[in-house]
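Protein sequences appear in the order of chains V and P. Just so we're aligned, residue 0 is where the first sequence starts under numbering that gives the first Met the number 0, counting upward by one. Just so we're aligned, residue 0 is where the second sequence starts under numbering that gives the first Met the number 0, counting upward by one.
Calculated from the structure, these hints are not laboratory results. There could be a bad hint or two in this list.
[As the list claims (entries may be wrong)] For lysine-lysine, the following DSSO-like pairs were computed, each having C-alpha atoms within a straight-line distance of at most 30 Å:
| id | chain 1 | residue 1 | chain 2 | residue 2 |
| --- | --- | --- | --- | --- |
| 1 | V | Lys95 | V | Lys85 |
| 2 | P | Lys487 | V | Lys9 |
| 3 | V | Lys59 | V | Lys9 |
| 4 | V | Lys95 | V | Lys59 |
| 5 | V | Lys40 | P | Lys26 |
| 6 | P | Lys487 | P | Lys441 |
| 7 | V | Lys40 | P | Lys57 |
| 8 | P | Lys13 | V | Lys40 |
| 9 | P | Lys441 | P | Lys57 |
| 10 | V | Lys85 | V | Lys109 |
| 11 | P | Lys13 | P | Lys104 |
| 12 | V | Lys9 | V | Lys98 |
| 13 | P | Lys26 | V | Lys38 |
| 14 | V | Lys95 | V | Lys38 |
| 15 | P | Lys13 | V | Lys59 |
| 16 | V | Lys38 | P | Lys13 |
| 17 | V | Lys38 | V | Lys59 |
| 18 | P | Lys304 | P | Lys13 |
| 19 | V | Lys85 | V | Lys40 |
| 20 | P | Lys13 | P | Lys57 |
| 21 | V | Lys109 | V | Lys98 |
| 22 | V | Lys40 | V | Lys98 |
| 23 | V | Lys38 | V | Lys9 |
| 24 | P | Lys275 | P | Lys304 |
| 25 | V | Lys109 | V | Lys59 |
| 26 | P | Lys26 | V | Lys85 |
| 27 | V | Lys59 | P | Lys487 |
| 28 | V | Lys38 | P | Lys487 |
| 29 | P | Lys304 | V | Lys9 |
Letter by letter, the chains look like this.
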Amino acid sequence: MTENNIENIKSQMRRGVLEYCILSVLDKNDAYASELINKLKDAHIIVVEGTLYPLLTRQKNQGLLAYRWEESTQGPPRKYYTLTDKGREVLQEMDKAWKELVETLDILRK
Amino acid sequence: MPFTVSEDAYNVLKVYLDHLRRYYAGKEGGAEIVDGIEERIAELLGERTGMGARVVSKADVDAVLEIMGPPEVIEEEGGDPSADTFAGTPLPKPAKRLYRDVDHKVIGGVCSGLAAYFNIEVVLIRIIFAVLFFVPSGIHIFSNIHHWGPLVFNFSWILVVIYVILWIVIPPARSVEEKYAMRGAPLSARGVQHAAPASAPRYTYESRSGYNEGNRGWYVLGRVFAVIIGLFFLVTSTAVLISLIVAFTATGFFLNVIPTALPDLISLTVNPVLFKLFLTLAILIPVIGFIHLGSVLVFNIKGQKWIGPTLFFIWLASFIGLLVLCSFNFGNFRHDARYQETVPLELTSDTLYVEYESDNDFLFERYWLEANNSHYNLGWLEGKREDLNLVFFPPLTLIRQSNEETPSILVKSRSFGSSEHRAELEAEATKPDFRLDGNVLKLNAVEVNREDPWRGNTGSLRLYLPSDQVVIVRKPVYHEFGVSRSRKVNIISSE
Chain V
0 MTENNIENIK SQMRRGVLEY CILSVLDKND AYASELINKL KDAHIIVVEG TLYPLLTRQK
60 NQGLLAYRWE ESTQGPPRKY YTLTDKGREV LQEMDKAWKE LVETLDILRK
Chain P
0 MPFTVSEDAY NVLKVYLDHL RRYYAGKEGG AEIVDGIEER IAELLGERTG MGARVVSKAD
60 VDAVLEIMGP PEVIEEEGGD PSADTFAGTP LPKPAKRLYR DVDHKVIGGV CSGLAAYFNI
120 EVVLIRIIFA VLFFVPSGIH IFSNIHHWGP LVFNFSWILV VIYVILWIVI PPARSVEEKY
180 AMRGAPLSAR GVQHAAPASA PRYTYESRSG YNEGNRGWYV LGRVFAVIIG LFFLVTSTAV
240 LISLIVAFTA TGFFLNVIPT ALPDLISLTV NPVLFKLFLT LAILIPVIGF IHLGSVLVFN
300 IKGQKWIGPT LFFIWLASFI GLLVLCSFNF GNFRHDARYQ ETVPLELTSD TLYVEYESDN
360 DFLFERYWLE ANNSHYNLGW LEGKREDLNL VFFPPLTLIR QSNEETPSIL VKSRSFGSSE
420 HRAELEAEAT KPDFRLDGNV LKLNAVEVNR EDPWRGNTGS LRLYLPSDQV VIVRKPVYHE
480 FGVSRSRKVN IISSE
């Protein structure tokens, strides 16, 4: 397996869980896009920031997220993202799926 | 949130955002995605520059775009999630398409576009085009294969026509996607930056930029007008160009460097090659200039700034060169002088014979003669069509006078020169040549050919003789003044 393919699979895996990560972050606190980005970057789940915006928009269109405009002390008003009830439901589903995946791997590794 | 952005930074940023905006145009929530990215870029730029306290440099933009990531990575993220697979396929390459590379054009960007498409050096394609264009003419000039002429001559023009057709048919690569599709290379943030054109005004970048379409109508109207004028220029000047080329090649103007019709006609003493070069340039450059102007107007290409002035200076130089050459030549005509000499004749008998002498044999089949009671004018043609010689004698006029006056002969000639003195010398040098041998007046012929077209044609002779003197032209065509009948002969059959 080439270097390229490994990188590719890694990025695909990361991408697969990125939406799950966004929902997880927003489950605790509502956040600005920049806060969200900083948390995800600190957790090494995203490398470049631009990729987040299509995901946020998609999740918003799916009704998982909502946002409200908040005045900022500096600069223009900013979007403040929050999880919807539907988003919370999906998050629970994902939590379950994640646990199952981890269990699967544990079983396989024994 | 206003930013003052340096020119190169603005270009990079604009290309980046335009690229994303174009990709997301028409997609669900597309505008929102790009707005979000734009806001984030503004936020990061604000952090780096102390909330717009200083001008945003290209380095700032580069760093921020590095954080945001290359456009195609972002676009991939927004794609249909169901299409995501774990197959190890690399980033999809955009389909390669043929575009004109207008950023690296010389004429229309056809060569640079082909080079980009086939991934070879532009110089190579240009050389091929130039060789195909010039070599046939070169073969034509430097070899004697004249029967290839029409074919070879047309070939260069076929090439020009092909080029123009390609120019019209192949679309220009204007957007970033087109520029990458032209090379078939994947997009990257760095690549986008390289592809950015380098001319845009210093700009106050705002997080949301408005787009003014108020002047659109006027612009379209102006374009229509420009295309009409440009087409007029193109059609007329192309027609003029073609007819000039046909006319010049037909007269052998370019091919024969040795004297041809034109310099012969005006009897140039100057360098014929230089004269032709200057004349050609002075005529052709305005035509080429109009073709260029026409193409700029019709195809709405950004004219290369150096073309106009260069053409103008070459034209000016040729025109001045032409003037200088001609003034050299005109100098020889500045002064004219007449030579006139009266030589007394000592007559030994009551009959004077006139004999015309020439190195060439008189040709009965190709001569002309004008003879009457007071005039005798004779000449003939020598040689074949390609190098004809004219052999003739200075016109002879007989004037009767009283017996008391001294018989004499008046020798006349006229010439030009760059100075009075030279004109006089020249006039004397071209005077008719004669000698009196007993009672025979011998006249020498003047010979004129291509190299020396005007020799001696201003000379003439007048005989002043008593009224009872018998004057007979003995050779080559007999004529007795006052006795023989008046004749006018003109037998100039060719070959």
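Going through the hints against the structure:
1. V:Lys95 / V:Lys85: Since the Cα atoms of V:Lys95 and V:Lys85 sit roughly 16 Å apart, the hinted pair holds (cutoff 30 Å).
2. P:Lys487 / V:Lys9: Since the Cα atoms of P:Lys487 and V:Lys9 sit roughly 111 Å apart, the hinted pair is violated (cutoff 30 Å).
3. V:Lys59 / V:Lys9: Answer holds: V:Lys59 to V:Lys9 is near 26 Å, not above 30 Å.
4. V:Lys95 / V:Lys59: holds (22 Å)
5. V:Lys40 / P:Lys26: Holds - the C-alpha atoms of P:Lys26 and V:Lys40 are around 27 Å apart, at most 30 Å.
6. P:Lys487 / P:Lys441: holds (23 Å)
7. V:Lys40 / P:Lys57: holds (24 Å)
8. P:Lys13 / V:Lys40: With Cα atoms ~26 Å apart, P:Lys13 and V:Lys40 stay inside 30 Å; holds.
9. P:Lys441 / P:Lys57: Violated - the C-alpha atoms of P:Lys57 and P:Lys441 are around 97 Å apart, more than 30 Å.
10. V:Lys85 / V:Lys109: Roughly 37 Å between the alpha carbons, so the hint for V:Lys85 and V:Lys109 is violated.
11. P:Lys13 / P:Lys104: holds (23 Å)
12. V:Lys9 / V:Lys98: Holds, at roughly 19 Å.
13. P:Lys26 / V:Lys38: holds (28 Å)
14. V:Lys95 / V:Lys38: holds (23 Å)
15. P:Lys13 / V:Lys59: holds (27 Å)
16. V:Lys38 / P:Lys13: The hint holds at about 29 Å.
17. V:Lys38 / V:Lys59: The hint holds at about 19 Å.
18. P:Lys304 / P:Lys13: Given that 30 Å is the threshold and the Cα spacing comes to 26 Å, the pair holds.
19. V:Lys85 / V:Lys40: At roughly 26 Å apart (the allowed maximum being 30 Å), V:Lys40 and V:Lys85 satisfy the hint.
20. P:Lys13 / P:Lys57: Roughly 12 Å between the alpha carbons, so the hint for P:Lys13 and P:Lys57 holds.
21. V:Lys109 / V:Lys98: holds (17 Å)
22. V:Lys40 / V:Lys98: With a Cα-Cα distance of about 23 Å, the restraint between V:Lys40 and V:Lys98 holds, given a limit of 30 Å.
23. V:Lys38 / V:Lys9: holds (20 Å)
24. P:Lys275 / P:Lys304: Distance of about 29 Å is within 30 Å: holds.
25. V:Lys109 / V:Lys59: Violated, because 40 Å separates the two Cα atoms, which is more than 30 Å.
26. P:Lys26 / V:Lys85: Status holds; Cα separation ~24 Å.
27. V:Lys59 / P:Lys487: This hinted pair is violated, its Cα atoms lying about 112 Å apart.
28. V:Lys38 / P:Lys487: Distance of about 118 Å is beyond 30 Å: violated.
29. P:Lys304 / V:Lys9: Judged against 30 Å, a Cα distance of about 52 Å means the pair is violated.
Against the hints set out earlier in the document, violations occur for numbers 2, 9, 10, 25, 27, 28, 29.
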